[in-house]
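S.K.: Below, each chain spelled out in residue letters.
There are 2 protein chains.
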Amino acid sequence: MAKKDDKIKYNYAFLFYDVKENRVNRVFKVCKKYLSHFQKSVFRGEITPSSMMSLKKDLKKVIDENEDFICIIKLMNGNVFGEEVMGVGNDNGESLVL
Amino acid sequence: MAKKDDKIKYNYAFLFYDVKENRVNRVFKVCKKYLSHFQKSVFRGEITPSSMMSLKKDLKKVIDENEDFICIIKLMNGNVFGEEVMGVGNDNGESLVL
Chain A
1 MAKKDDKIKY NYAFLFYDVK ENRVNRVFKV CKKYLSHFQK SVFRGEITPS SMMSLKKDLK
61 KVIDENEDFI CIIKLMNGNV FGEEVMGVGN DNGESLVL
Chain B
1 MAKKDDKIKY NYAFLFYDVK ENRVNRVFKV CKKYLSHFQK SVFRGEITPS SMMSLKKDLK
61 KVIDENEDFI CIIKLMNGNV FGEEVMGVGN DNGESLVL
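In order, the protein sequences belong to chains A and B.
Residues in the first sequence are numbered consecutively from 1, following this note's numbering.
Residues in the second sequence are numbered consecutively from 1, following this note's numbering.
Be aware that a few hints might be false.
No copy labels: a pair is met if it fits in one copy or bridges any two.
In the DMTMM-like style, the derived pairs of lysine to aspartate or glutamate whose C-alpha atoms are separated by at most 25 Å in a straight line are [said to hold, decoys possible]:
1) Lys33 x Glu67
2) Lys9 x Glu21
3) Lys32 x Asp64
4) Lys9 x Asp68
These are calculated hints, taken from the structure and not from any lab test.
Produce the complete structure using the sequences and hints provided.
M.R.: This is the structure we're talking about:
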């Protein structure tokens, strides 16, 4: 994967988290600083490679790597994907968390 | 988004679910039929547009759209993204679910 990363410039990302409840707020706030809240535990948005590094650094500070899980999909831009949402994804859930 | 979908052929997908515990097994099995289990509640893999339609149809049968949430990111192929995993994502968790 590292090799591929060298060749492609990623400027857009999806981020999904699955973290213990007592850390959700902190993780949410870090993600919100760099990306837009999309649905439930999903964030997305344009992000430069250097901001991506800061995001990961900030996340490392708030998660417990033995219990929490974060997955980031990096894309070249916001035009290379399609999306489907099923279920309660229609309410953004933000009000519940902040 | 529909317009964009008409132009681009998507043959790869990421799928993330956030469903009530009593439906996790059923959702997991449906996803497993069409995609590969990646990490925790994340699946991914090559999938044709027609299989994608079947996947969504099958998911609709097992989820409660008022309580569950499924997000599918469709990509042209498996070479257009980079990925980062933080935390417990390193164990695939499959043994816990099946």
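S.K.: Give a verdict on every hint.
M.R.: These are the hints, each one checked on the structure:
Taking identical chains as interchangeable, the C-alpha atoms of Lys33 and Glu67 lie at most 25 Å apart only when both belong to the same chain, with a minimum of 23 Å there against 28 Å between chains. In this assembly of identical chains, Lys9 and Glu21 lie within 25 Å of each other by CA distance neither inside one copy nor across copies; the values are 34 Å within and 38 Å between. In this homomeric assembly, Lys32 and Asp64 come within 25 Å of each other (Cα to Cα) only inside a single copy, at 19 Å, whereas the closest approach across copies is 28 Å. Taking identical chains as interchangeable, the C-alpha atoms of Lys9 and Asp68 are never at most 25 Å apart, the minima being 28 Å within one chain and 34 Å between chains.
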